[in-house]
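> Take a look at the letters that make up each chain.
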Amino acid sequence: MKSPFLLLIAVLLSSITGAEAQGPRIEPPPGTLPAPGSLPPTTLGTPGDPGNLPPSVPMAPSVPELIVDFSQPRVSITSAFQGENILLFGMFDPPGEVVVVVAGPAARETVMRKERFLGLWLNTGRQAFDDVPAYYAIAASQPLQRLLARGAGGEILSLEDRLSSVKPVSPRPPAELTQFRGGLVDVKRQEGLYPAAIGQVTVQAGRLFRAELPFPSRLPEGVYDVRTYLLRDGKIVAAVSRPLPVGKVGFSAQLAGWSQHQGPLYGLGAIAMALLAGWLGGLIMRRL
Amino acid sequence: MEIYLPIAEQSMNILILLGLGAAAGLLAGMFGVGGGFLATPLLIFVGIPPAVAVASQANQVIANSISSLQVQWRRGNVDLRMGLVLLLGGMIGSSAGVSLFTYLKRIGQIDFVIAVLYVVMLSTIGLLMMYESLSTYIRRRRNPEAPRGKLHTHYLVHGLPFKLRFYKSKLYISALLPVALGFVIGILSAILGVGGGFVLVPAMIYLLGMPTTVVIGTSNFQILFVAANVTFLQAATNGTVDVVLALLLILGGVVGAPIGARIAAKLPGAVLRAMMAALILAVAIQLLVELLRTPVSAFSLGTREFLQ
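So the protein lines, in turn, are chains A and B. The numbering used here numbers the first residue of the first sequence as 1 and each following residue consecutively. The numbering used here numbers the first residue of the second sequence as 1 and each following residue consecutively.
It is possible that part of the hints are untrue.
Stated by the list, open to error - Under the rule of at most 27 Å between Cα atoms (straight-line distance), these lysine-lysine pairs were calculated in the BS3-like manner: (1) A:Lys-114 with A:Lys-167; (2) A:Lys-167 with B:Lys-170; (3) B:Lys-105 with A:Lys-114.
Said to hold, decoys possible - Computed list of chain A residues with no C-beta within reach of chain B, every gap over 10 Å: (4) Ala-80; (5) Leu-87; (6) Gln-142; (7) Pro-174; (8) Pro-220; (9) Arg-227; (10) Pro-245.
Hint data in this document are derived by calculation from the structure and do not stem from the laboratory. Computed from a predicted model, the values in this text were never measured in an experiment. In this text, a Cβ means the ideal position worked out from N, Cα and C, and glycines have one as well.
Model the full assembly from the supplied sequences, consistent with the hints where possible.
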């Protein structure tokens, strides 16, 4: 399914190319990802070309300052899924800097701490936190600290700021809470869910931008919120929030759905599968 | 070549999983036990969450025991009456075991309990087998004509009430004993994802005094139904049965089992048992090291909960 936004761009494009056979200079971003179902990257330059803007937006009442889209409308976890990089791209009205914040769905996470007990390592402490994002990544066109230092904080949160707001479910001394929070970040980082380095938003031709969003193989499902901010002199002048659904599709989705919603039926199916496979396997191997 | 496991929620190399299944099948073919007691720890070593490894392994055990039961049934090597009495205990034990599993998972101790139980069980069995096979080997070398020792001894347990006659096993013993045995195997099966044949078979021979001819078939009969019960309950209560994972293990096992059987036919029994004992001990030591070694990160995450 194409998003309405992709359709809009397509309509815009066709109107442009129809009106002007000698199209404007098209500037493809170098090294683009050839993602299935993505728009050809070369078409990106067209709506943003200076001399061309007024006729290109006959349907829109005003030119948006910030346009954002993805190389894929969703992250599909198929049987062959091994993690995926999604390309975020768009256009902005210069001057300015672009910051992208991706947050997975928030949930309660329980952090467990191991301690040595009679020589063995076992979980002795546990602390639950509410409102923990499943995934959190930031990309910026300039070092984030520099951008935020000029006053855009509050709305744009670094991972540390975002996590300092997660609420402990049960009380505990602050020093220990900090430890558990640190543990949470470590584990999530190892799983690639809180990418450590702040990603790079690459700006092309002064107004086109692109950023790669890395998603690991062990990716929690849900609707991810991708927010793109346009900053000018340290202030947010435009922001676009776009949902990015992450979910299993096809065979994986079916199985996971059955397992989750129809546990008993799934169990019977699993038994039948094993009986059939074992019986057939035995039969075949005895013939050989 | 990677495949995404929908319930384990991660991708894993297909060849690793097929290889694991084949290794377990090889053992099954060589020693006549399920091989689950090795496959489950190995699955955990390669990074499958323990809860999923155990539940999916129970699913694999079904396939393993049905293909072995087919043969034994046709040869008339199943004591149905004994099987049903064992199964009575097995069903209660495995149901209780899955409840215990669910509870341990909730309080975050399931991984630890699985590891400790494996260490205790594997090292006990490994040492016993090693001792038995080595002493047999030494005795045989000294005196090849040595008697094999009595298979059927009368113990105190024969004085218990509810005596039943088991014609095929040529036994007249209290039903309480096989019920209790089935119960223990049921709990092991639920928590560790094993069929339990490697405990059940020696217990049937030495504890119940059953003739060896009917032991394998009867234990397979009990294991089949207990594994099915565990699979059903794990799927219904915990949702941790990964059929894709189980199917890959089964496919590997189908290939591995006949190869194991062929190897077993060429080696003397004592050597075979010593090899298996060494293997079991190696896994036990590896698990123990994991428990003793300072972990890379002291922290881990439990299950995510969405609050509506």
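> Where does the structure disagree with the numbered hints, that is, which hint numbers, in rising order?
2, 4, 8
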